[in-house]
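> Chains as they are written, first to last, in the working numbering: chain A, 1 to 273; chain B, 1 to 278.
These aren't lab readings, by the way, just hints derived from the structure by calculation. Mixed in with the good hints, there may be bad ones.
[Claimed, not checked] Quick partial rundown of chain A residues pointing at chain B, CB under 10 angstroms, derived from the structure:
id : residue
1  : Arg8
2  : Leu16
3  : Pro90
4  : Arg97
5  : Trp177
6  : Val234
[As the list claims (entries may be wrong)] Stretch-level coverage of chain A by chain B, calculated; a stretch enters the list once three of its residues show a Cβ under 8 angstroms from a Cβ in chain B:
id : region
7  : 25 to 35
8  : 116 to 125
[As the list claims (entries may be wrong)] Which chain A residues face chain B? A few, computed with CB under 7 angstroms, are given here:
id : residue
9  : Gly88
10 : Trp236
11 : Val246
Even for Gly, the Cβ is constructed at its ideal location relative to N, Cα and C.
Each chain, letter by letter, is given below.
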Amino acid sequence: MTSRLLNRIALFFVALVIVSPVVLFFIWMLSLSLKFEIDNGAYPPILIPDRFAWQNYAQVFRENDFFLYFLNSILVTGSATILALLVGVPAGYGIARLKADRAAIVVMIARMTPGLSYLIPLFLLFQWIGLVGTIWPQVIIHLVVTVPIVVWVMIGYFEATPIELEEAASIDGANSWQIFRLVALPIAKPGIIVALILAVIFSWNNFVFGIVLANHETRTLPVAVYNMLSYEQVSWGPLSAAALVVTAPVLILTLFAQRQIVEGLTAGAVKGG
Amino acid sequence: MADLAQASGSGELVGQRLRLAPNYWPFVLPALIVVLAVIIFPWAFTIWMSANQWTLGQGRSFVGLANYAHLWSDERFWESLVHTLYYTVMSVVAPVILGTFSALVFNARFPLRGFLRSIFVMPMMATPVAISLVWTMMFHPQLGVLNYLLSLVGIPAQEWIFNPRTVIPSLVAVETWQWTPLIMLIVLGGLASVPREPYESAEIDGANVWQQFRYLTLPMIAPFIMVATIIRTIDALKSFDIIYAMTQGGPGTASETINIYLFTLPSLTTTSVIRPRW
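Let the sequences and hints guide you as you build the complete structure.
Right under this line is the structure:
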C-alpha cells in the first residue's frame with residue numbers, strides 16, 4: 001500500500017515537471033503584462049513587482065483601438081463559424097449517409113493545405129467583386145478554416161448515429177428534410193457543439209489571412225497585436241497585455257470546453273490516419 | 001419480438017427501404033458550392049497562374065514552366081527547402097517523443113491528474129501570434145527570463161532566435177511547447193484502449209517496467225503514434241505564424257522556410273498584388 005502511494009506521489013511530481021513549461025510561460029506572460037517598463041527591464045528579472053501596471057491594459061484599449069479589433073474578431077469569427085455550421089452540418093450529414101469517401105478526402109486535403117496558397121486567388125477574386133476594404137474578404141476566407149473542421153467533425157458524428165431511427169421516420173412518411181431536422185439533428189447536438197468550439201478557436205487564432213487582407217479598420221486581434229511590433233519602440237508591458245487580451249478568450253474556452261475539444265481533435269485525428 | 005426483428009430484415013421491407021431512400025445531395029450542395037469557391041478554385045487558379053507571367057495592371061502572358069525553372073534556379077528556394085526539412089524533422093521528433101512520454105504519465109493515476117492535464121493542453125489552443133510575441137521577449141539575450149534561468153544553473157547566455165545557428169532550434173522549442181499536447185491526447189486515446197490482462201501475466205513473468213513498455217505498450221499504441229506523427233508532420237510543414245511572428249525568416253534568411261520564402265517573394269509583397277498595409 002505504501003509503495004503504491006509513493007508511486008502516485010512520484011508520478012504527481014513527474015507530471016508537475018511536464019506541466020511546468022506551460023505554467024511558467026503563462027505566469028510570466030501575466031507578470032510581463034502587469035509590470036512597468038522599468039520592472040520589465042530589470043535584471044535579474046522581477047516576477048511580482050511592487051506596483052502593478054494595470055494601465056498597460058487600459059493603454060492597449062485606449063491607444064491601439066483594441067475595442068474595434070476585438071469587435072472585428074468577433075464579427076469575422078462569428079460570421080465564419082455560423083456560415084460554416086449552416087452549410088457544414090447538413091453537408092456532414094449528406095456525406096455520412098452517401099458514404100461519399102472522396103468528398104471526405106477533399107475536406108481532409110483542404111485541412112492540410114497551407115493557408116498561404118489560398119490568398120492570391122481569393123484576393124484577386126475579392127478585388128474583382130469589389131469587396132476589398134470591407135470585412136467580408138476575411139469572413140469568406142475564414143471559411144477555408146471553419147468549413148472543413150465543421151464538415152469533418154459532423155461526418156464522424158452522423159456516421160456514429162444509428163440510421164434505424166431515420167428509416168422508421170421515413171416509413172412514417174417524413175421527407176428527407178424533416179428526417180434531418182427532427183431526427184438526425186437533435187441526436188447530433190453534441191457534435192455540433194464540438195464543431196462550433198473548434199471552428200471558433202481556429203478562426204479566432206488565424207493570422208495569415210488577416211495580415212494580407214485586413215486594413216487599418218478591419219484588422220482582427222492577432223494582426224493587431226502583431227502590428228504593435230511595428231511601432232518605433234516596443235514596450236513589453238502593453239505588448240504582453242495585448243497578447244493576453246488576444247488569447248484569453250480561447251484559453252477560457254479551452255478550460256471550460258476541455259472535453260469537447262479533446263473529443264473533436266482526437267476523433268478527427270484517429271479517423272484522419 | 002424476435003419475429004418482428006426477423007421481419008424487418010425480409011426482402012419486402014428492404015425493397016421499401018430502397019424505394020424510400022432519401023436524396024442526400026441537397027444537403028451537400030451548399031457546402032459544395034462554398035468549397036468550390038473558396039478551396040477548389042484557389043487550387044486550380046494557383047496552378048493556372050503558375051504557368052503565367054503576371055504583373056497586376058500590366059496584363060499577363062503564358063510562360064509555361066518558366067516560373068518553375070526560375071524557382072529551380074533560385075538558391076534561396078533550395079535554402080528554404082533545407083530549412084523546412086530541418087525545422088519539420090525536429091518539430092515532429094521532439095513533440096512525438098515528449099507527447100508519448102506525457103501520455104504514459106497521464107494515463108497513470110495520481111493526485112490532480114485532470115487539473116494538470118487541463119493546464120497541459122492550453123498551449124495547443126492559445127493564439128500562436130500572441131504566444132510567439134511573448135516567447136520573443138523571453139528569448140531576449142540581455143533581459144529575457146530564459147537566459148536568467150540558464151544563469152541560475154550555470155549555463156552561459158544564449159542568443160536564441162537572434163543567432164543564425166540557434167534560431168531554428170529555438171523556434172522548434174516553441175512549436176514543441178505548443179503542440180506536444182496534441183500528440184499526448186492522441187496517444188492517450190490509444191492507451192485507453194489497451195487491455196489490462198497482458199500486463200498481469202507479464203508481471204508474473206517478472207518483466208520490468210521498461211520491458212512492459214517495449215514489448216506490450218509500444219506495439220499496441222504504435223498505430224496512434226503513427227497517426228500523431230502524420231498529423232504533426234503536416235502541421236509542421238504548414239507552420240507559418242510562429243516563424244513569421246518571431247523572426248520573419250531571420251536573422252538574414254537563417255529561419256526562412258518555404259512558407260516564409262513564398263510570403264516574402266517580391267511578387268507577393270512589393271509588386272502590389274498583395275501587400276500588407278499598415
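> Would you mind marking each hint as holding or not holding in the structure?
Right, here's what the structure says about each hint:
no. : hint       : in the structure
1   : Arg8       : holds, 5 angstroms
2   : Leu16      : holds, 7 angstroms
3   : Pro90      : holds, 4 angstroms
4   : Arg97      : holds, 5 angstroms
5   : Trp177     : holds, 8 angstroms
6   : Val234     : holds, 9 angstroms
7   : 25 to 35   : holds (count 5)
8   : 116 to 125 : holds (count 10)
9   : Gly88      : holds, 6 angstroms
10  : Trp236     : holds, 5 angstroms
11  : Val246     : holds, 4 angstroms
Checked against the numbered hints above, the structure breaks none of them.
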